[in-house]
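Protein sequences, first through last, are from chains A and B. According to this note's numbering, the first sequence is numbered sequentially starting from 1467. According to this note's numbering, the second sequence is numbered sequentially starting from 1467.
None of these hints come from the bench; they were simulated from the model. This one's a predicted model, so the numbers in the text were calculated from it and none came from an experiment. Each hint should be verified, as a subset may be incorrect.
One copy or two, either will do: identical chains are not told apart, so a pair holds if it fits within one copy or between any two.
[As the list claims (entries may be wrong)] Lysine-lysine pairs mimicking DSS-like chemistry, simulated, CA-CA at most 25 Å apart: (1) Lys1500 x Lys1759; (2) Lys1535 x Lys1705; (3) Lys1719 x Lys1539; (4) Lys1500 x Lys1784; (5) Lys1729 x Lys1571.
2 protein chains.
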Amino acid sequence: MPDVKEILQGSQIAGARAIRLIDDNDPKAFSLLKQLYPHSGNAFIIGITGSPGVGKSTLIDALIFEFRKRDFKIAVIAVDPTSPFSGGAILGDRLRMQRHGADEKVFIRSMASRGQKGGLSRATKDAAIVLSAMGYEIIIIETVGAGQAEFDIAAVAHSIGIVTIPGTGDGIQAVKAGILEIGDIFIVNKSDRTDAEAAVHELKMMLSMRNSKGQESHLSRPWTARVLKTIAQNGTGVKELFDTFLAHFDFMKQNGRLELKKKHLERLYFKSLLKDLALEKIELFVQESMAFKETLDQIESGTIDPITAAENVTNDLKITCNLKAIRNLKVRDN
Amino acid sequence: MPDVKEILQGSQIAGARAIRLIDDNDPKAFSLLKQLYPHSGNAFIIGITGSPGVGKSTLIDALIFEFRKRDFKIAVIAVDPTSPFSGGAILGDRLRMQRHGADEKVFIRSMASRGQKGGLSRATKDAAIVLSAMGYEIIIIETVGAGQAEFDIAAVAHSIGIVTIPGTGDGIQAVKAGILEIGDIFIVNKSDRTDAEAAVHELKMMLSMRNSKGQESHLSRPWTARVLKTIAQNGTGVKELFDTFLAHFDFMKQNGRLELKKKHLERLYFKSLLKDLALEKIELFVQESMAFKETLDQIESGTIDPITAAENVTNDLKITCNLKAIRNLKVRDN
């Protein structure tokens, strides 16, 4: 098991081991996280999401340089199977990333996450705790905008950048229903392509509709989502994107917005942990249960189909929770 | 809710609706699946997996033509976010697939699956039940080899094709630990590239080691995994690949191997369903539980951290299962 002290001292080897444990669903990760949690919470977490091929990794690569120029310690978690960080790229640009290899204030890890218990949110949140405890001030989480992943990121990140590209509707249509709501900064990458202006315009139109709907009504003066053009490949617009993330960070720090957001994310994390732990407990129970074994025999002999069988066993599950222990906790707090 | 009769009659509209329900985690899908299950089970299910960019979709596209030449009714489920079937492609080859659009014995659907309860296995198994009930004889499931997905497919498919490409180690290294064990047919696609022969040779070497380890010892005469070269783009080797899948199908039908495999997959499906249903029950319990509400308050006030809180609530969960109902089931079987 990785040493807690070494992680707190920022050892990249120890940190990498911890993230590996998380990615492997290793039960040892849990006690590690418990020890690291009190030392986490100071990082600003940025989520970057978008369809495959819009250039997320190249953009993040360029952003790393901007953050390093201002001497931020920065970590990246790639959970995007199409990302070169994750080894998913066949384009050979994996090597490109190694130019940060010598910089010990940059730390890049990939996670598989697909089969992960609790899904993407849980895995990346766990990893962010490790990275934050290691002392990284900025944590970027890269996810691919396919399926649920781009929404999961909203349960972890303090600031969300949605990357699109101009062109045959692919870029903007990829900004599908619901994703407009979670983005803080919208990036039209590869903006040297034709129709870049149209893409920016369309995004701004859609966002103005969102803003007029009174989104984020719980905070008196909401953040107005920005739309930026970049060409990640040659760095165009990246400095402005960096400035905008910092501006959003500053905005979040005003009037306790970031604290409020963190509290909200903590509750989500608790729910996700509770779900995973309860499920483990049920799985253990089920494996040892006679009802389960008898049912497996019935499926084997063909006397019951798996759907009806699962429904029957579940119907008979009884779950109760002894409140006393919770009350004891309250006493301990005095 | 889609009409069961229409699905059984093969209506693509009704089938598409059913798969949408599954993909959306809609509770209505469950009762639908219960009704369709007895009519499913006759399809041969092929899993195709591999890293992004190896050409899985192009290969499947070509395979569809081969299956259609022999008049097989064939359905494809793409759960690969990088697949053009899934709308993940930005290369514009999405349109290419539409040439099957007029053929009513071909049915192609994509699923998001990432945030899916029970993960990929559960979602694709559910979808396969629908497609099988619709009368499709061949079901191809396309997954991207990133993270867990390529292993999940082993819980659903009767035959698994692993696609790689020759070249800088990307192809073969992608055939990572464990994946050799699940593949029935290994495909070196884009085999007009240099090093194709080396890739084939290396795969054969690795497979001969697997075979000598006595894999599939439960069946007296095991299937020897094949290695084939294809160039999906121009159709080279696709006919041979098709023949090899059919040969594997025939092999599986001998000596009750397919029945044995199906029984095994049914048990896995039951376990996966049981997990999902139990989890739903836990979530419902947790939402209504006082212990949960009190703990949320404590997290809010900062008197407990989310990890300790989740652990405490879980420790106090009691789970029981009333065996009587299961015994009653047995009586019903007489």
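Taking the hints in turn, this is what the structure says about them:
With identical chains, the CA atoms of Lys1500 and Lys1759 are at most 25 Å apart between copies only, with a shortest distance of 21 Å across copies and 35 Å within one. In this homomeric assembly, Lys1535 and Lys1705 come within 25 Å of each other (Cα to Cα) only inside a single copy, at 11 Å, whereas the closest approach across copies is 56 Å. Taking the shortest Cα distances, Lys1719 and Lys1539 sit within 25 Å of each other inside one copy (19 Å), while across copies they are farther apart (59 Å). For a Cα distance limit of 25 Å, the shortest separation of Lys1500 from Lys1784 across copies, 23 Å, qualifies, whereas the shortest one inside one copy, 29 Å, does not.
For a Cα distance limit of 25 Å, the shortest separation of Lys1729 from Lys1571 qualifies neither inside one copy, at 28 Å, nor across copies, at 53 Å.
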